[in-house]
Amino acid sequence: MRKIIGIILLIIIAWGIIISLQEIPFGTSRSEVADYYINKGIEETGAANIVTSVVVNYRGLDTLGEVTILFLAAIGLGAVLATIIRKEDRKTVKASLILSTGCKFLFPFVLLFGAYIFIHGHLTPGGGFQGGAIIASAFLLMYLGCYKEKRINETGIIISESLGGLVFVIIGLIGLAVGTHYFLNNFIPKGEFNTLLSAGIIPIIYVAIGFKVGSELSKIIELLLEES
Amino acid sequence: MDFLHNYIYYIGSFGLIFIGIFIMIAKRNYIKVIIGLSILDTGVNLFLISVGYINNGTAPIFSKSAIEAKNMVDPVPQALVLTAIVIGVAVLGLALSLGIRLYKHYGTLNLQKIKEQKW
Amino acid sequence: MIFIVSFLVIFMLAAAISAYFFKDLLNAVIASYMVSLIAAVLFYLLQAPDVAIAEASIGAALVTAIFVIAIRRTRRHEE
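Residue numbers (the numbering used here), protein chains in the order written: chain F, 1 to 228; chain X, 1 to 119; chain P, 1 to 79.
Since the hints were made in silico from the structure, they are not lab data.
From the three backbone atoms N, C-alpha and C, an ideal C-beta is built for every residue, glycine too.
Certain hints may be false.
Claimed, not checked - Simulated pairs of lysine to aspartate or glutamate, DMTMM-like, Cα-Cα distance not exceeding 20 angstroms:
1) X:Lys115 - P:Glu78
2) X:Lys64 - F:Glu66
3) X:Lys70 - F:Glu43
4) F:Lys3 - P:Glu78
5) X:Lys27 - P:Glu79
6) X:Lys104 - F:Glu226
7) X:Lys70 - F:Glu44
8) F:Lys40 - X:Glu68
9) X:Lys115 - P:Asp24
10) X:Lys64 - P:Glu78
11) F:Lys104 - F:Glu222
12) F:Lys190 - F:Asp62
To be verified - Derived coverage of chain F by chain X (criterion: at least 3 residues anywhere in the stretch with Cβ under 8 angstroms from a Cβ of chain X; other residues may be distant):
13) 36–42
14) 165–171
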């Protein structure tokens, strides 16, 4: 009965969408805001990647909101799962020697790749969120390969997550005090174009976001896996 | 053929949205509903990026200084979708932790049976 | 070029429909992982490399890992 009502509802919605999709042509027009960001993007921010300059410089407040939402999700997950006590003990098979040695060998290379992606965020495609997710995948590999041999250092994760968030907010507030008095103002002089130390505050903020997102996602995975 | 050139991405993204809504309406297991939510999320992101495409355009990155700015695709929807993907992951993590808590309390994940149990 | 794109879109819709019909929850999670991977390829073909990296690393890999861990702590077969 529910399925028939669902199908009728979806057919009505589909008919309305087909009529209104004739007004959106595919691949022809570009808005004026996009023209401004592409033409004036290099001389105002100095970054070669325009998506990065939109995310961090022109729309920095939205990125602050997104980091807050990820933080709230990690807190909520820890609060819901904190009072479950596992009574039965599942049978786990200990990993063989080849698997655990291979995981320990691959771990620093995946970390290096994640760090490369968030450091070069303003020159090549990439950025803080993608690099942080790759770092969390490296920790997931360690959990899958050698399960009970090594533990993540608790204070290390707490310190790196807090410092990442604090650096982001403090740089924004310093921008409010000097220069043209905007939040997340670009006050450091922009260097030479297309080198590593260019584009003002953008690489500093992306390094802070990379640390914060990486430690938060690996904390979420550890909370779901552990036996409390 | 001209119809396919213009509308293939719209068909793909709206097909995913409708299949996601139908899974969320018609299934009774809790984890199946969350799988439908994830498919719906992917469909909406695909639709947003396909609106900002210019025919024969390139990616908005100035890797050499001599690339012209005339035919780059729109960079604003890409910044929006980057935020939307991360928010989708946060919502999914919280929903699955509530599912584990439900299983510990009621012993089943069938939503019809959970509604029928008295206090 | 247009044939590659239409083949990928048909494959993606078939994977999403088969996620409705599977009774074993692990198979349904693998089907949704396939939808995310093909969406990452389509993001690259729409000239958006930032979003392709984000979808392939966050939206496909970490979401599937969280689903599999949650299924391991609850029941595996749908009733």
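Now the hints, each set against the structure:
Between the alpha carbons of lysine 115 of chain X and glutamate 78 of chain P the distance comes to roughly 17 angstroms, so the proposed pair stays at or under 20 angstroms and holds. Restraint check: the Cα-Cα separation between lysine 64 of chain X and glutamate 66 of chain F comes to about 32 angstroms, which exceeds 20 angstroms; the hinted pair is violated. A hinted pair counts as satisfied when its Cα atoms are at most 20 angstroms apart, and lysine 70 of chain X with glutamate 43 of chain F qualifies at roughly 17 angstroms. A distance of roughly 18 angstroms separates the Cα atoms of lysine 3 of chain F and glutamate 78 of chain P; the hinted pair therefore holds under the 20 angstroms criterion.
Among the hinted pairs, lysine 27 of chain X with glutamate 79 of chain P is consistent with the structure: their alpha-carbon atoms are about 11 angstroms apart, no more than 20 angstroms. Only pairs whose Cα atoms come within 20 angstroms are accepted, and lysine 104 of chain X paired with glutamate 226 of chain F is accepted, the gap being roughly 16 angstroms. The suggested pairing of lysine 70 of chain X with glutamate 44 of chain F holds, with an alpha-carbon distance near 19 angstroms, which does not exceed 20 angstroms. Distance restraint check for lysine 40 of chain F and glutamate 68 of chain X: the Cα-Cα separation of roughly 13 angstroms lies within the 20 angstroms cut-off, and the hinted pair is therefore satisfied.
Between lysine 115 of chain X and aspartate 24 of chain P the CA atoms are separated by roughly 23 angstroms; this puts the pair beyond 20 angstroms, and the hint is violated. Under the criterion of a C-alpha separation no larger than 20 angstroms, the hint pairing lysine 64 of chain X with glutamate 78 of chain P is inconsistent with the structure, at around 54 angstroms. For the given pair, lysine 104 of chain F sits about 18 angstroms from glutamate 222 of chain F by alpha-carbon distance, which is consistent with the 20 angstroms threshold. Between lysine 190 of chain F and aspartate 62 of chain F the alpha-carbon distance is near 23 angstroms, which puts this suggested pair outside the 20 angstroms criterion.
Under a criterion of three residues with beta carbons nearer than 8 angstroms to beta carbons of chain X, the stated coverage of the region 36–42 of chain F is upheld, 4 such residues being counted. Restraint check on the region 165–171 of chain F versus chain X: 0 residues with Cβ-Cβ distances below 8 angstroms, three needed, restraint violated.
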